[in-house]
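From just these sequences and the hints, can you work out the full model?
Line order of the protein sequences matches chains A and B. Quick note on this note's numbering: the first sequence kicks off at 603 and runs consecutively. Quick note on this note's numbering: the second sequence kicks off at 603 and runs consecutively.
Treat each hint with caution, since some may be false.
Intra- or inter-copy, both count: the list cannot distinguish identical chains.
Said to hold, decoys possible - Result set (EDC-like, lysine to aspartate or glutamate): computed pairs, CA atoms no more than 16 Å apart in a straight line:
1) Lys629 - Glu825
2) Lys874 - Asp640
3) Lys680 - Asp640
4) Lys874 - Glu610
5) Lys743 - Asp824
6) Lys754 - Glu735
It should be emphasised that the hints constitute simulated quantities derived from the structure, not laboratory data.
2 protein chains.
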Amino acid sequence: MNRQQLVENIRRKGSFLCVGLDSDIKKIPAHIIETADDPIFEFNRRIIDATAPYCVAYKPNLAFYEALGVEGQIALEKTIRYLKTNYPDQFIIADAKRGDIGNTSALYARSFFEYLDVDAVTVAPYMGRDSVEPFLGYEGKWVILLALTSNKGSGDFQMLKCDDGRYLFEHVLATSATWAGPDEMMYVVGATQGAMFADVRRLAPRSFLLVPGVGAQGGSLDEVCRYGLTDDCGLLVNSSRGIIFASSGEDFAERSAEAARELRDQMTKILKEHSIL
Amino acid sequence: MNRQQLVENIRRKGSFLCVGLDSDIKKIPAHIIETADDPIFEFNRRIIDATAPYCVAYKPNLAFYEALGVEGQIALEKTIRYLKTNYPDQFIIADAKRGDIGNTSALYARSFFEYLDVDAVTVAPYMGRDSVEPFLGYEGKWVILLALTSNKGSGDFQMLKCDDGRYLFEHVLATSATWAGPDEMMYVVGATQGAMFADVRRLAPRSFLLVPGVGAQGGSLDEVCRYGLTDDCGLLVNSSRGIIFASSGEDFAERSAEAARELRDQMTKILKEHSIL
Numbered sequence: 603m604n605r606q607q608l609v610e611n612i613r614r615k616g617s618f619l620c621v622g623l624d625s626d627i628k629k630i631p632a633h634i635i636e637t638a639d640d641p642i643f644e645f646n647r648r649i650i651d652a653t654a655p656y657c658v659a660y661k662p663n664l665a666f667y668e669a670l671g672v673e674g675q676i677a678l679e680k681t682i683r684y685l686k687t688n689y690p691d692q693f694i695i696a697d698a699k700r701g702d703i704g705n706t707s708a709l710y711a712r713s714f715f716e717y718l719d720v721d722a723v724t725v726a727p728y729m730g731r732d733s734v735e736p737f738l739g740y741e742g743k744w745v746i747l748l749a750l751t752s753n754k755g756s757g758d759f760q761m762l763k764c765d766d767g768r769y770l771f772e773h774v775l776a777t778s779a780t781w782a783g784p785d786e787m788m789y790v791v792g793a794t795q796g797a798m799f800a801d802v803r804r805l806a807p808r809s810f811l812l813v814p815g816v817g818a819q820g821g822s823l824d825e826v827c828r829y830g831l832t833d834d835c836g837l838l839v840n841s842s843r844g845i846i847f848a849s850s851g852e853d854f855a856e857r858s859a860e861a862a863r864e865l866r867d868q869m870t871k872i873l874k875e876h877s878i879l
Numbered sequence: 603m604n605r606q607q608l609v610e611n612i613r614r615k616g617s618f619l620c621v622g623l624d625s626d627i628k629k630i631p632a633h634i635i636e637t638a639d640d641p642i643f644e645f646n647r648r649i650i651d652a653t654a655p656y657c658v659a660y661k662p663n664l665a666f667y668e669a670l671g672v673e674g675q676i677a678l679e680k681t682i683r684y685l686k687t688n689y690p691d692q693f694i695i696a697d698a699k700r701g702d703i704g705n706t707s708a709l710y711a712r713s714f715f716e717y718l719d720v721d722a723v724t725v726a727p728y729m730g731r732d733s734v735e736p737f738l739g740y741e742g743k744w745v746i747l748l749a750l751t752s753n754k755g756s757g758d759f760q761m762l763k764c765d766d767g768r769y770l771f772e773h774v775l776a777t778s779a780t781w782a783g784p785d786e787m788m789y790v791v792g793a794t795q796g797a798m799f800a801d802v803r804r805l806a807p808r809s810f811l812l813v814p815g816v817g818a819q820g821g822s823l824d825e826v827c828r829y830g831l832t833d834d835c836g837l838l839v840n841s842s843r844g845i846i847f848a849s850s851g852e853d854f855a856e857r858s859a860e861a862a863r864e865l866r867d868q869m870t871k872i873l874k875e876h877s878i879l
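What follows is the structure, given as structure tokens:
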């Protein structure tokens with residue numbers, strides 16, 4: 603999916619919500635575990651059917667699938683096929699945080715963009731240019747590079763000050779901008795980083811930002827939007843646990859729809875206030 | 603496997619060789635592809651049987667398995683089970699380069715240390731302490747943290763100079779040493795980094811280093827050992843392509859054994875020269 607299509611979907615739906623499919627087998631409602639042959643897929647299918655009207659993207663977090671071995675891999679592949687078949691306007695992000703030497707990254711790229719055929723994959727920057735480049739150059743596919751993450755440990759290295767006065771995450775933004783433009787590279791910037799969004803926007807004025815940390819991790823949607831919105835939105839805000847585990851009862855799908863709709867309503871209002879809708 | 607057991611294996615075998623199972627389906631000998639039900643596993647099994655006398659560790663690179671989806675996952679699990687059943691003295695490293703927010707890293711840890719039950723997993727440091735800690739505290743299991751990698755892109759961020767005069771990779775070594783000691787954390791330091799090993803050893807005097815890049819990537823075993831050896835060895839030197847793809851003919855297993863034995867012989871000589879044997 604290219605940038606224009608993504609922006610059209612955001613405008614049509616009045617939403618820049620990404621639903622994180624962190625489908626932890628230990629948190630899936632008991633009645634699904636008891637009755638479904640493939641409970642992870644069944645859970646995802648019902649969450650997707652309930653929330654698709656309110657979001658523009660889904661982000662399966664690969665850890666939750668890998669933890670189940672072969673079964674998890676099957677559930678992941680079925681989920682992606684289900685999305686592509688039934689909701690072809692959804693942007694699919696494999697949250698994998700990969701990054702390795704060139705020939706290995708090339709294989710990961712093949713795995714995500716050819717075999718799984720997702721739209722985007724999250725990539726860690728530590729190993730530098732030749733670990734990221736193999737993911738680039740696929741038509742309509744995206745790299746989402748970690749820049750400033752939402753967790754406490756983001757302070758350990760990302761906020762180290764370099765001898766030119768810039769933080770490491772600013773070097774990641776500036777250096778990676780020489781590898782790819784804002785039509786094929788996005789950045790992960792955590793919602794918990796608040797006012798740092800202004801610094802990010804100075805270095806990445808047009809790039810889409812994937813923003814985790816609204817909800818369970820405590821980030822504020824308003825603050826993210828105040829500093830992060832561009833004139834074509836430029837944000838995908840992710841919520842995982844707050845939506846998919848809104849209820850552990852038989853009403854889990856309806857409750858996930860309510861949680862997603864509520865975020866969509868806030869997003870529509872914000873998009874109108876900023877004259878993007 | 604704990605440090606003492608690993609060191610005993612190194613002394614007994616006169617080898618600190620790790621064989622990288624980068625088992626690319628596109629490079630596996632044609633006669634294996636044509637005749638085996640599970641060519642990746644069959645290839646690995648024959649490589650393992652041929653090389654096990656000469657090495658102390660195997661390192662499947664997960665990219666090569668993930669690229670094949672469910673089939674690859676099955677081949678990986680069979681390979682690990684085969685090693686654990688037939689060669690319980692081999693140290694098994696899942697080369698995955700994971701690292702994510704705490705609850706996600708905790709799942710990856712469960713996946714690698716409980717489900718797959720490998721001895722070690724490679725982890726990327728960019729997200730900081732809470733992305734690494736969930737991998738710690740498993741009895742006899744290890745984190746192998748990326749410090750200074752063997753690829754060209756290692757210069758992009760790892761060699762950034764911070765405002766205290768230290769490089770980023772030195773901060774990674776120093777900061778992570780406050781999270782875990784040398785009995786449960788190792789570091790990846792590429793063989794192509796040559797004299798930088800002396801700087802690494804100043805900050806990590808006792809830690810085991812996993813050293814890729816000897817062979818195909820051009821690193822020198824002698825140079826690595828000159829700066830990197832500790833009094834109980836402290837090195838695991840990895841070779842992948844140079845061993846497993848030593849031949850693409852029917853003699854591939856014999857040729858992989860020859861390549862591994864040659865490295866083992868060099869290592870025995872070096873261990874004797876340094877009075878470790």
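Hints, one by one, checked against the model:
1. With identical chains, the CA atoms of Lys629 and Glu825 are never at most 16 Å apart, being 30 Å at best within one copy and 51 Å at best between copies.
2. Taking the shortest alpha-carbon separations for Lys874 and Asp640, neither the intra-copy value of 41 Å nor the inter-copy value of 56 Å comes in at or below 16 Å.
3. For a Cα distance limit of 16 Å, the shortest separation of Lys680 from Asp640 inside one copy, 10 Å, qualifies, whereas the shortest one across copies, 22 Å, does not.
4. For a Cα distance limit of 16 Å, the shortest separation of Lys874 from Glu610 inside one copy, 15 Å, qualifies, whereas the shortest one across copies, 68 Å, does not.
5. In this assembly of identical chains, the alpha carbons of Lys743 and Asp824 never lie at most 16 Å apart, being 29 Å within a copy and 43 Å across copies at closest.
6. Taking CA atoms no more than 16 Å apart as the test, Lys754 paired with Glu735 passes between copies only; the shortest distance there is 12 Å, against 28 Å inside one copy.
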